[in-house]
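Engineer: Here is what each chain is made of, one letter per residue.
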Amino acid sequence: MMIRLILILLAVPAVVLPLLSLGYIFVQAAPWFSVTVLLGDAQQHSMISSGLVPQIMGSLLLMGLACALAFPAALSLALFDMIYANASQRRVLAAALQLLQGIPPIVYGLCALVVLVHLFHWGISLVSGALVLAVVILPLLTENIMHALQRIAPEQTEAAKNLGLSAWHIVVRVWLPVAWSDILTGVLLAMARALSETAPILFTATVFSGVSLPDSIWSPVSSLQTHIFYLAQEASNKQAMGVAWVSAALLLLLVLGLSVVAWWLRQRRLGA
Amino acid sequence: MFKRFIYMGLVASSVWVLTLLFFLLQSSWAFWHQIGVQVLWQDEWYPYEHLYGFLPAIVGTLWALCIAMLIAVPCALAAAIVNSELVPRQVQPWGRVLMEILAGVPSIVYGLLGLWVLLPFLQKHLNLLSGHSLLAAGMMLSLMVLPTMMLMAEDALRAVPLEQREAGMHLGLNWEQRLWRILLPQAYPGMRSGMILSLGRALGETMAVMLVVGSMDRMPEPLYNILQPAQTLTSRIGREIGEASFGSLHFSALMACGVVLAAMALLLGRLAQGRAR
Amino acid sequence: MNSVERCDVLNAPDVVAFEHGLACHGVSLCLGEQQVLQEVDVVLPNRGVTCLIGPSGAGKSSLLRCITGLHETWTGDIHIEGQSVRHWQGGVDALRRQVGLIAQKPTVFPTTIEQNVLFGLSRKEKKSLGREGVQHCLQQAALWDEVAHRLDDAATDLSLGQQQRLCLARALALKPSMLLLDEPTASLDPRSKASIEQSIRALAVVMPVLCVTHDLVQAQRLSQYIMFMCAGRLLESGFSDALFQHPKRLETREFLCWSVCDCSASEEK
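Protein chains in written order, with this note's numbering: chain A, 254 to 525; chain B, 361 to 637; chain C, 1193 to 1461.
Treat the hints as calculated values from the structure; they're not laboratory data.
Don't take each hint at face value.
Unchecked claim - Below, simulated DSBU-like cross-link-like pairs (lysine-lysine); rule was C-alpha separation at most 30 Å, straight line:
| # | chain 1 | residue 1 | chain 2 | residue 2 |
| --- | --- | --- | --- | --- |
| 1 | C | 1385 | C | 1367 |
| 2 | C | 1367 | C | 1297 |
| 3 | A | 414 | B | 363 |
| 4 | C | 1440 | C | 1297 |
| 5 | C | 1367 | C | 1318 |
| 6 | A | 491 | B | 484 |
Construct the entire structure; sequences and hints are all you get.
Structural biologist: Right under this line is the structure:
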């Protein structure tokens, strides 16, 4: 009986604290939610009051481009693992993915700083940030796609092989129709991850001031994540704090929205 | 054709990743070559005077990780046990869903909370100057790794077969005895890999730590003082990379910090893989 | 019908009194939408092996699980040595220590052989049992000769038959007053089967043993008393010689015939 009590006492903060934290953000952001904050105040000309649309667009552009770059790579890695790899190659791939997943994202940011921003002279740009985010989410996305493909019943693949279908046909006509929702779940989770990463894009893709919507992929962007970071340093400015809370709430809504959709997709598959 | 596409993707990914990692090492090479490995145990970091001691940052990182694990491990394990054993069956999936969703919360959001909520709290109740401290960093990190650790611990508990639990019941063992003698020993390997994984994530966390740790590159005085502003590897990189000009020794030093960080992460990864067998 | 009347029907002189031991009255169990047990009345002699036979799904294993409290929603009465199972002194855990249940699939814990035998005991009890006690339990389970020299080896290295005997030794270490066996030799080879049957016979001299089995030849070999269940009901019970030679009910006759036919067909092969 004592042990149960102690366990429950220890378990409660594990559940309650993260929930409280999220609740606090929404509660703090609520009074500041207004059209002026979102779209910008034309009369004031500070970075704090120029609206959040460029930041939202920047975050979404980074996320979208990163996923567009990572998805073909992850798909080919997963397909290689399922179709062409022998046992030792599969082991090497699994070990490599685990290794890559363990490297802190800021280290990838440093690498990208050296290679993309300076060596390739791409400068601080959308494409640099997207490429580094792509590397950060690549192991996660690859594993998700591999899990999705592994869930396909092997009898279906065998039946298709017995009919003489080539690998391409098997993937497109047998695997994709069955596994598409799992793959989509994996992509959504990778997108949520891409939205959450701040450190790698801090010095490869984003600047604080002077940015509206990017002209091209070679220009710097602003993002919700980094915007929050910059505003957080201005704790004395009440308006900065308000905009920061709203940015955090927006970012949370985006990430939670993606997670909820991913969860719903998984439930749908389990229910069916 | 299809095969060619797959192999192209494989090669492109490998080349890309290897290039990135190669240049990380290459750009820090100048630093190791010029200053040498002894910076790892020197304790003064003044880039403008060419003093590059890594020790304060390494010690700070280790302290933050320790605190994070001390808080997170009992709470996460307890939550896993409660959700898989004590909570009614209908409620259990909701606990998992909640944790899965919480696991995806961006770290900058936690950083904001840490800066504006935790620091004033610590400042007031522990009588500190600003609240910036390793304790704050550790507390933020524990909050961030709690959901993931709880999920992995719960998976490990559920993996213990029903027959084992029933065999315990047949012997007349009550719930606590079954927990200590059957469930926990058999779930321990899975729980341990969950802990190591979370440790890796906490190691690499930058934004939240950067905002609350204080970025003071000095050794804690005395060594166990976690209430002073201090520095971690990730926080140092994040703070100073904007200031260091490309190609300078300072820049190389920060790249070297990245190498140390990656090495620590790889070591953890090896530990996890080695024990898993 | 009380226990004495049932005994009268068969009237054997060497049967000990039926009142002690296990008695179930009107036990019913409903799982989901299925009525698994319907008004089962069981009285077990307090020595000797009683075999519970019947087709799959008859509710035999469910009855065992009701006795030890693994199913909790049953209605009716179950008494062991006069005490009601629902209000057992010390709770359901104490009940399970008194009633040793051996499951069909041998489940050993991932520790040493000796630790497995001692697993259900408290620290004090472990000390007082000691090596001699472990040896005694393993001897009762007919396993001592095979593991005497390697008590510190992993229990998972044992063969299935040895593991099942280890489970028996583990249950015996708790000094139960009766044994419930749920198809204990179902997945074992003939040699292990014979070994376990030998142990069961020896144990049945001092305590009641209720053994669920699908193997009618084993039931004939092993038991003094037989109970036949079908579709959740106890249809017939009696001394095993009498029941096998002169089954009273049609269902029993059909069941025995089918099974007997199967056996002789396999013998002819």
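Engineer: Compare the structure with the hints numbered earlier in the document and write down the numbers of the violated ones, lowest to highest.
Structural biologist: Of the numbered hints, just 4 does not hold.
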